[in-house]
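According to mature numbering (1 follows the signal peptide of the UniProt record, and there is no 0), the sequence shown holds residues -20 to -1, 1 to 184 in order.
For the record, the hints were derived by calculation from the structure and aren't laboratory data. Glycine residues also receive a C-beta, built at the ideal position from the N, C-alpha and C atoms. Among these hints, one or two may not hold up.
To be verified - Restraint ranges, calculated between C-beta atoms of paired labels, are given here: (1) E149 to D126: 16 to 24 Å; (2) K130 to V87: 16 to 24 Å; (3) S14 to I178: 40 to 48 Å; (4) N79 to P57: 37 to 45 Å; (5) D129 to K73: 13 to 21 Å; (6) D126 to E62: 38 to 46 Å.
Said to hold, decoys possible - Here are the simulated lysine-lysine pairs, BS3-like style, with alpha carbons at most 30 Å apart: (7) K9 to K41; (8) K26 to K49; (9) K130 to K150; (10) K174 to K94; (11) K72 to K130; (12) K170 to K86; (13) K26 to K170.
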Amino acid sequence: MIFRILVTFCLLISFINTSAQDEESQCVKINNFSIEERNQNYPFNKARRIVFSSFQGDENKLPKNKRKKGYDEGTAPYVAGEIMQTYFDMIKKRPSKVNLNHFEEKVELSENQKNQLTDLIFNVGNNIYVSGAKCYMPRNAILFFDDNDKLFEFIEICFECNNYRTSSEKMNLNNNCTEKLNLLKEQFAKAGIKYGIINERQPN
């Protein structure tokens, strides 16, 4: 009898914990900011165009002084995502160094796609802090260009590890529900981005 009670109690605790985790992961509508209100937030108030992109790690995209010594001899291989992080560290300091030919896929967002993006960022969540996994192997990014068509901000994303980083502390994805990056991943897929989206390890 006591054994049955203990088993029932353990199952109840497990159910409660699972339900709580499911609740924390769910994204729901928490705000109703209009398009105009959302577009007043940085960097959208400065962006003339916004681009979804994918980036494959190729050390030839890096200037020679940024490449690992011994890489050509195969003695200093890069870990997954390291080349992209090095590249984005470089353009964070000098945005003019960006070369869009280094991005395998680029999709400029339409007004409707921009509205879907800002709606996800500013209106969706659950007001619970969510951290990403410790791994970080980015393959995708959101690029922001100003009126002079110059890159001025970016959001580098690792969908596989549910994590990201931004070029400025002035912006973020308001990532307060576990599903948010999955929902953003769906937007990338609908826009036609494949690498890092359909298959996280292969370009096609």
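Status of each hint after checking the structure:
no.: 1; hint: E149 to D126: 16 to 24 Å; verdict: holds, 19 Å
no.: 2; hint: K130 to V87: 16 to 24 Å; verdict: holds, 19 Å
no.: 3; hint: S14 to I178: 40 to 48 Å; verdict: violated, 33 Å
no.: 4; hint: N79 to P57: 37 to 45 Å; verdict: violated, 23 Å
no.: 5; hint: D129 to K73: 13 to 21 Å; verdict: holds, 20 Å
no.: 6; hint: D126 to E62: 38 to 46 Å; verdict: violated, 29 Å
no.: 7; hint: K9 to K41; verdict: violated, 40 Å
no.: 8; hint: K26 to K49; verdict: violated, 39 Å
no.: 9; hint: K130 to K150; verdict: holds, 18 Å
no.: 10; hint: K174 to K94; verdict: holds, 19 Å
no.: 11; hint: K72 to K130; verdict: holds, 12 Å
no.: 12; hint: K170 to K86; verdict: holds, 13 Å
no.: 13; hint: K26 to K170; verdict: holds, 25 Å
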